[in-house]
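Colleague: Here is what each chain is made of, one letter per residue.
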Amino acid sequence: MNTTGRFFACALTLIMMGTMMNFNAYSETEVKTSQIPSPDSPLIAFRIFVHSGSIYDPPGKEGLNTLTANVLGSGGTEELTYQEVITTLYPMAAGIGVQADKEVTVFTGNVHRDHLKKFYKIFSDLLLHPRFDPDDFERNRDQLLNYLEKTLRGTDDEDLGKEALNILLYQNHPYGHPNEGTVQGLKSITLDDVKRFYKKMYTKDRITIGLAGGYPAEFIERVRQDFETLPKGKVKPMGLPDPEPIDGIEVLLVEKPGRASAISIGCPIDVTRADDDFYALMVANSYLGEHRMSVGVLYNTLREARGLNYGDYSYIENFIQGMGRFARPNIPRRQQFFSIWIRPVAQENALFSLKAAVKELQNLVEKGLSEEDFELSRQFVLNYSKQWTQTLSRRLGYQMDSEFYDTQRLINEIGSDFEKKLPLEYQVKNFIENIDEKLRTLTVDDVNAAIKRYLQFENLKVAMTCEDAVKVKNALVTNAITPITYQDPGSTPPEISEQDKIYEGYPLNVTRVNIIQATEIFEK
Amino acid sequence: MTKGFALVAFVLIGLVMGSNGAHSKVFPYKVNEVILDNGLKVVSVPYDSPGLIAYYTVVRAGSRNEVEPGRSGFAHFFEHMMFRGTEKYPSDKYDEILQSYGIDDNAFTTDDYTCYHLVGTKDALETIIDLESDRFKNLKYSEEAFRKEAGAVLGEYNMNSSNPFLIMFEKLHDNAYTTHTYKHTTMGFLQDIENMPNLYNYSLQFHDRYYRPDNSIIVVVGDFDQDTLIRLVKKYYGDWERSDYKVDIPVEPPQTEEKTAHITWDNPTMPILLIGYHGPAFSDRQIDMPALDLMSQLAFSESSPLYRKLVVEEAVVEFIYGGCTDHRDPPLFTIVTRIKDEQDMERVREEIFAAIEETIKSPVSEERLAEIKSHMKYNFAMGLDTPGRIAGTLAHYLQMTADYETVNRVYMLYDQVTPQDVMDVAQQYFGVENRTIVTLTYGGEK
Chain A
352 MNTTGRFFAC ALTLIMMGTM MNFNAYSETE VKTSQIPSPD SPLIAFRIFV HSGSIYDPPG
412 KEGLNTLTAN VLGSGGTEEL TYQEVITTLY PMAAGIGVQA DKEVTVFTGN VHRDHLKKFY
472 KIFSDLLLHP RFDPDDFERN RDQLLNYLEK TLRGTDDEDL GKEALNILLY QNHPYGHPNE
532 GTVQGLKSIT LDDVKRFYKK MYTKDRITIG LAGGYPAEFI ERVRQDFETL PKGKVKPMGL
592 PDPEPIDGIE VLLVEKPGRA SAISIGCPID VTRADDDFYA LMVANSYLGE HRMSVGVLYN
652 TLREARGLNY GDYSYIENFI QGMGRFARPN IPRRQQFFSI WIRPVAQENA LFSLKAAVKE
712 LQNLVEKGLS EEDFELSRQF VLNYSKQWTQ TLSRRLGYQM DSEFYDTQRL INEIGSDFEK
772 KLPLEYQVKN FIENIDEKLR TLTVDDVNAA IKRYLQFENL KVAMTCEDAV KVKNALVTNA
832 ITPITYQDPG STPPEISEQD KIYEGYPLNV TRVNIIQATE IFEK
Chain B
358 MTKGFALVAF VLIGLVMGSN GAHSKVFPYK VNEVILDNGL KVVSVPYDSP GLIAYYTVVR
418 AGSRNEVEPG RSGFAHFFEH MMFRGTEKYP SDKYDEILQS YGIDDNAFTT DDYTCYHLVG
478 TKDALETIID LESDRFKNLK YSEEAFRKEA GAVLGEYNMN SSNPFLIMFE KLHDNAYTTH
538 TYKHTTMGFL QDIENMPNLY NYSLQFHDRY YRPDNSIIVV VGDFDQDTLI RLVKKYYGDW
598 ERSDYKVDIP VEPPQTEEKT AHITWDNPTM PILLIGYHGP AFSDRQIDMP ALDLMSQLAF
658 SESSPLYRKL VVEEAVVEFI YGGCTDHRDP PLFTIVTRIK DEQDMERVRE EIFAAIEETI
718 KSPVSEERLA EIKSHMKYNF AMGLDTPGRI AGTLAHYLQM TADYETVNRV YMLYDQVTPQ
778 DVMDVAQQYF GVENRTIVTL TYGGEK
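Protein chains in written order, with the working numbering: chain A, 352 to 875; chain B, 358 to 803.
Hints listed in this document are in silico derivations from the structure and should not be mistaken for laboratory results. Predicted model only: the values in this text are computed from it and were never measured. Hints are not guaranteed to be accurate.
Here are the simulated DSBU-like pairs of lysine-lysine, each with C-alpha atoms no more than 30 angstroms apart in a straight line [said to hold, decoys possible]:
(1) Lys468/A to Lys382/B
(2) Lys737/A to Lys445/B
(3) Lys469/A to Lys555/A
The whole structure should be built from the sequences, with the hints applied where relevant.
Modeller: This is the structure in structure tokens:
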């Protein structure tokens, strides 16, 4: 049973009971809840949604939000040390996770109903009565530093490329550093900083309790009351400036040794799930590059026809892969970006691949979708989206994201005092249901109009890892012809070779190329 | 409908069990089994997932079957080729049909098997059966398409090549095995991957040998009608011809002395230590493997004294992990840890050896053993929450023995493991001469 939209139907009763408010917007009222009761399920999923993200990291202390969340979620309680927490949870095989993004931090818990009481005591104590043990602080900070200094810089080119694109897209913007922080930022953070940040941001107005599964009916009220003991907040929500405009093709080359080059291309777009056009763009994006699917133009151009790499995809919002190949819930943002992800290609084919991808984006922008392409992509998204909420925890996550974006929509349409103006029967727009509703009436003209409004190919930022950055830079600024090198040239059909000529000489209006050593990126 | 991904990661999925009494079955759902005249086995589980089904095809051939020299990585490569279409459904048509139904479609290859899996709406059942049966029976691709796909496989290797674990596991297996095909990873040796475009004819032979009904199992979970399912399976797969091909996998002789290897990494990384011991093959009758799984939890899980010391208290390693994956032939029990400071490498290694020694010398308490069994039971129960996960769990056990009851038998064995069993297997498998060690450190400026 999805209760998302029921709250205003019985809002009067609920307000009188002092229980639920189902919006994630900042308000000075009490803790909010979001539920999906499923009495027959033996499993219970928690999602504690905190309106705190890396945008609240103070300058010079980048990483404070994530480190605070990790010290809580991978730390001790007032009663138990971290090791005791682990040991107590172990026989239950219960899981606690922390996920910190730009605007929202989420604590997830999954437990079998046999252990609900014992698990909840620990889970809630971690958030309400944290230990703030210096050892937990040091261990978690070390892990974040190692992630930046070793994993991203040295052993994970795909995520390095994506993170490099993020900082490039959002220079001089609160989104402009990794969620994990910077090396210098993390090093400057003290345990007292963490305690202060917790006190400032973990306030009841910023919390939504998400609960799904086979918990007793009265349980939610107990949880709500426990979190009501948090103090009232004093921090107003942060406004976001517009991202800096992009002038031509701006490139960041991250130099490091390696067999292959990872490439991420993108630009901010002024559209989110809160907007009707988002749903039209979903269809266009699915056509261009549905994540980890072989149906997209990019995939078929680069991998299928040319065997260049493992896969090539595009996105109209921040995307992190979660269960299977589906997007991870609970990373909502008020501002989004369009991106193309070219998985690592052999160094000598990097610029060919970049040009081919931009050329295909140009084709999409200029030609749009045919009626047939539109129908196929629309049908795909309609059916595929039904699979995104297979587990209770994912359903809950999507429901909470729907509330986030619905709030944004209402603020845009009605104003920040929207709660007072809504009718009693108001129902939150559920994202998955919205997809169904909007795609059923969508036309190819709607999609092509949305493409024209939001997508373009001339002003893009590009982050790529490469072994010889000076050589790549020279090829970019001189607009050199960059032919493809096939593993097996003999097997290329003439029509592909002909198309290759267009890609290899495709002119990019490169206006800026910066080079950074991988060993120096994310330093501060 | 991405064309495949290799399971080159060291995901240990064998650590599941139940302790809910010797007579109850840990797998909680009703299982149907039908075997067609051509030997094709169809295992199905009705599950409350309104409108949704998972459709898995298990081919009992993986990189283990790559017995000829120069053919490593071929099972995985062949998995890619299975998406290259037939006369009836060329790949673009195949993709288009799946796209119209919004089906989530992929495949993976392991050391022992290859699995093709789809999750979609129940109204797509006949379409799925039609498409899947067609490509298993009538796969047809040009040499040109074959050569192009080899590029994508090399691309996959390139994609993984920035990850030191791939390179370390390659080295570990190459050193630990002399004869058996577990000597190479599922991805295969780089020189073999580079030579793949030239092996078109071998690919046809590979399909002919292994992609046969007597070597395959279909697993269906979710919202379907059993009679309809069987009627459709008979209709579409009934004329698939059996092969009766038997592969001769070389037997690995016992290792007689400790082996070591070192890798220098060009990019920044923390030092990594990998230790492998030859362990027992999967069995649902012998106690060795279940006892070793419990031992791995005892010695290396987050509840172990070693974890507490190295990860939490002293914080000298980022993580530590140890265990043995289920394999048809004897695999490596592998311990892996990432160490913060190279100077601690030697000490960490000695701590690991000491933790193993402790399991040999001191019996685990009944209380601790019960905790471990409880952990495994709930871990298993909590993992069965989607049609895909249930089908994947069954596929894992079915590829071992082709018997769905194996999952229950293994769990009963876990229940029977005693403290003495744990000591016995630790004593048997953790000898110095049975050990291979691979280390990796950053070669640049520290």
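Colleague: It remains to establish, for every hint, whether it holds in the given structure.
Modeller: Structure-based check of each hint:
1. Under the criterion of a C-alpha separation no larger than 30 angstroms, the hint pairing lysine 468/A with lysine 382/B is consistent with the structure, at around 26 angstroms.
2. Straight-line distance between C-alpha atoms of lysine 737/A and lysine 445/B comes to about 29 angstroms, which keeps the hinted pair within the 30 angstroms bound.
3. Restraint check for lysine 469/A and lysine 555/A: satisfied, since their Cα atoms lie roughly 23 angstroms apart, inside the 30 angstroms limit.
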